[in-house]
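Below, each chain spelled out in residue letters.
Protein chains: 2
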Amino acid sequence: MYKENYPSKLLENAVDAIGMLPGIGKRSALRLALYLLRQPQENVHHFTAAVNSLRDEVRYCRVCRMISDNETCSICSDPSRDRRTICVVESVRDVMSIENTGQYHGLYHVLGGIISPINGVGPSDLTIRELVDRVSALCGSDAGAGGTDGDCTGTGESQPEVILALSGDVEGETTSFYIYRQISGFGVKVSSLARGLGFGDDLEYADELTLGRSIVNRQMFRPY
Amino acid sequence: MYKENYPSKLLENAVDAIGMLPGIGKRSALRLALYLLRQPQENVHHFTAAVNSLRDEVRYCRVCRMISDNETCSICSDPSRDRRTICVVESVRDVMSIENTGQYHGLYHVLGGIISPINGVGPSDLTIRELVDRVSALCGSDAGAGGTDGDCTGTGESQPEVILALSGDVEGETTSFYIYRQISGFGVKVSSLARGLGFGDDLEYADELTLGRSIVNRQMFRPY
Chain A
1 MYKENYPSKL
11 LENAVDAIGM
21 LPGIGKRSAL
31 RLALYLLRQP
41 QENVHHFTAA
51 VNSLRDEVRY
61 CRVCRMISDN
71 ETCSICSDPS
81 RDRRTICVVE
91 SVRDVMSIEN
101 TGQYHGLYHV
111 LGGIISPING
121 VGPSDLTIRE
131 LVDRVSALCG
141 SDAGAGGTDG
151 DCTGTGESQP
161 EVILALSGDV
171 EGETTSFYIY
181 RQISGFGVKV
191 SSLARGLGFG
201 DDLEYADELT
211 LGRSIVNRQM
221 FRPY
Chain B
1 MYKENYPSKL
11 LENAVDAIGM
21 LPGIGKRSAL
31 RLALYLLRQP
41 QENVHHFTAA
51 VNSLRDEVRY
61 CRVCRMISDN
71 ETCSICSDPS
81 RDRRTICVVE
91 SVRDVMSIEN
101 TGQYHGLYHV
111 LGGIISPING
121 VGPSDLTIRE
131 LVDRVSALCG
141 SDAGAGGTDG
151 DCTGTGESQP
161 EVILALSGDV
171 EGETTSFYIY
181 RQISGFGVKV
191 SSLARGLGFG
201 DDLEYADELT
211 LGRSIVNRQM
221 FRPY
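Quick note, the sequences are listed as chains A and B, same order. The first sequence: position 155 = 155 (UniProt numbering), numbered continuously. The second sequence: position 195 = 195 (UniProt numbering), numbered continuously.
None of these hints come from the bench; they were simulated from the model. Each statement offered as a hint is correct.
Identical copies go unnamed one by one, so any copy, or any two together, can satisfy a pair.
Derived EDC-like pairs: lysine to aspartate or glutamate, alpha-carbon spacing no greater than 16 Å straight-line:
1. K9 <-> E57
2. K9 <-> E71
3. K9 <-> D69
4. K9 <-> D56
5. K26 <-> D16
6. K189 <-> D82
7. K26 <-> E12
8. K189 <-> E161
With the sequences and hints as input, model every part of the structure.
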């Protein structure tokens, strides 16, 4: 454990506070604190005001729970997006990552976490209830009343789709399965992300599970 | 350049502000911003208040310019320290580093920077004037009046010493030389840090300048 004798209580408090951030140890925190000390006072106030504003004034889209400056986020209020496809993700970061690919044109649903008994996170801590309501509304108000048979399948419109874009670990798979059980009764199409070798990956270094899935789920070769 | 489309202006502002910190890029800044967003509001306020307090309320020791909670720092007001030895350092961080070695029992003088024409830092931007005054007081008030001959040397007390503990680069050497010129007239002993191979260093990987100095300044072998 790295122990430091601080010449000032103010410095120690600031280092402790900065050191609470993830990935920033005591040494980095001290470096950042001394850096902030050398900056003009208004720059430091600007920094802390920006952080406070983020936490105090942030809003979440009432539809998809993405962070947003308005009641409805820019994605949910964009008329050009496919409103019959919902991509379920764990966090705000995931939405930004998928948006950056430019390959997805539907809507999102941010769970706000993942089912994890070891961390004390159960289904009721996430926005799964809201997701079920969205899927229900998408499939018509009578959805789910008829039992396990889907109601979406009979309509004239294209079948709605829910993409489960969660991590491939045990907690992600558990959450995906839980959500699948909740929404499969509506007859909505439920898909999940393709798993396989990444582009540029070397076969030699791929783990067996990934390589195995890549063979089983092989695709037709499409030359450009 | 990593470009991100932010779902919220508040988030973008916070990421920009956090990204101004040294060693924190846009990706890390986004990760930190989203982390802060997930924390309880009082934790975030505690964090920003600690940073603001540091910048707004910090004081500098009137003697050595070290940061301090009081008018005089804990080192300068410690009666057990050797008051006739002054270690000149660039920054607060250097004082903490030397204190951590437990090998030094004199006082300090924090320059608050280093002479660097390329960064627009001249001698008047540093606390060199204050250092000269301290050395002058240490050598008696008549010091410097008699010309270049030292005045300290004649007193009954041990000769005062100024240790120039600055970096070994060009700017550090320039600053050391400048200070030496300013204080050598008082007859004070002026030393600088030993340079040589670090403990555990491999000869094979030492640069020629360091290795050369290590040979020239070789010391008597002292078995424990």
